[in-house]
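Using the sequences and the hints, build the whole thing.
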Amino acid sequence: MNTNIQPLSSNAQRYWNPYVAGVGLGLTLLVSFVALGVGLGASGSAARLAASAAHVVAPTAVEANGYVGPWFENGSALANYLVFMSLGTLVGGFASALFARRLAVGVERGGQITPRGRLVFALVGGLLVGFASRMAGGCTSGQALTGGALLLGGSWAFLVAVFAGGFLVAPLVKKEWQP
Amino acid sequence: MNLFDQGLLDTPFGWSIALLVGLAFGFWLERAGFGSSRKLAAIFYLRDFAVVQVMFTAVVTAAVGLVALDSLGMFDASSVYRMETLLAPQIVGGLIFGAGFVAGGWCPGTALVGAASGKLDALAFLAATLLGSLVYAANWSALAPLQQVGACGVVTLPELLHVSAGTVAAGVTAFALVGFFAIQRFTQRNQTSRKPS
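If you read the protein sequences in the order shown, they are chains A and B. Residues 1 to 179 (my numbering) are what the first sequence spells out, left to right. Residues 1 to 197 (my numbering) are what the second sequence spells out, left to right.
Derived from the structure by calculation, the hints contain no laboratory data. Keep in mind that a hint or two might mislead.
Incomplete in silico selection of chain B near chain A, CB under 7 Å [claimed, not checked]:
id	residue
1	Q53
2	T57
3	C107
4	D121
5	L134
No residue lacks a Cβ here, since even glycine has one placed at the ideal position from N, Cα and C.
Below, the structure is given as structure tokens:
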């Protein structure tokens with residue numbers, strides 16, 4: 001009865017029920033609120049890693065930058081809780097995939113696109129998402145999920161806009177995802 | 001009382017708690033199937049609803065949990081860090097983000113999980129995400145004025161609607177349940193129509 005998308009490999013375990021996973025994710029967010037006093041995040045660590053890489057090449061320019069400069073006031077831009085949270089996310093995702101036999105190296109794609117084509121779309125999408133996350137002050141984790149649960153006006157506006165943008169552009173990249 | 005309002009978030013202790021929270025975050029994302037770009041992008045073609053089901057279940061769980069802990073006097077919900085509402089950047093950023101989400105097949109958190117499970121498209125996406133944030137920073141002097149368009153400070157839905165947080169949380173829960181019911185009906189109808197008679 002379940003037509004949800006499942007792993008391609010017959011060796012791999014099926015994904016968990018989305019409502020069960022949702023409750024688990026929600027409780028994780030709640031623990032984050034209570035223990036840390038902040039919600040979840042993912043794009044902030046990416047921006048800090050990028051700024052740190054740029055800092056190696058051009059330290060003066062990066063420190064003078066109005067947006068990322070302040071991250072270096074106390075030394076490293078990586079000395080931030082978001083960086084550690086993302087390290088945890090990597091390890092947690094790896095462990096879960098390992099236990100469920102879902103570890104597999106490859107390019108995931110629809111049936112109508114070459115691996116190279118799929119990688120080009122991934123690069124374009126990543127560029128847009130990296131830029132937009134800085135503009136909105138967070139991503140689906142830091143704004144939509146966290147701000148959504150905190151019932152914040154701007155985060156709900158972001159959440160609606162993300163789905164609007166996705167559905168608007170979906171017909172243009174339909175071929176990429178055709179089964 | 002939490003690490004943020006005690007100013008202890010960026011200490012070795014704060015980092016270790018953040019690491020543990022991240023472990024659980026990555027685990028649940030992967031369990032949900034969000035280490036798969038096909039599954040994530042499928043929401044935009046109404047072929048798989050996990051993105052909406054997981055996200056709204058999580059929002060409802062955390063929102064109701066926070067209201068409950070607060071009303072039981074076990075935790076002061078107002079001590080949690082709240083992001084400001086910046087209407088124009090959040091709406092424009094959201095639209096660009098959505099476009100990038102469906103084209104790239106990932107968002108930053110799920111791409112971490114995808115990369116950790118071996119997906120090379122997730123690695124490419126993450127590399128480009130780093131670049132995208134640098135493009136933003138490099139154009140900061142031009143973008144900074146736009147960031148203030150529609151800036152309203154911290155705005156919560158309960159304030160906006162002049163009702164309690166509990167009422168809004170109940171409303172969001174009811175909205176989610178109606179949505180889940182509609183998804184159930186939609187997928188069942190699709191399955192019966194696909195079956196050969």
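Here's how the hints hold up against the structure:
Residue-level restraint check for B:Q53 holds (minimum Cβ-Cβ distance to chain A is 4 Å; threshold 7 Å). Because the closest C-beta pair between B:T57 and chain A is about 3 Å apart, less than 7 Å, the hint holds. The interface hint given for B:C107 is met, as the beta carbon of that residue sits about 4 Å from the closest beta carbon of chain A, less than 7 Å. This hint holds: B:D121 has a C-beta 4 Å from the nearest C-beta of chain A, less than the 7 Å allowed.
The restraint placing B:L134 at the interface with chain A holds, with a minimum CB-CB distance near 5 Å, inside the 7 Å limit.
The structure fails none of the hints (numbered hints given earlier).
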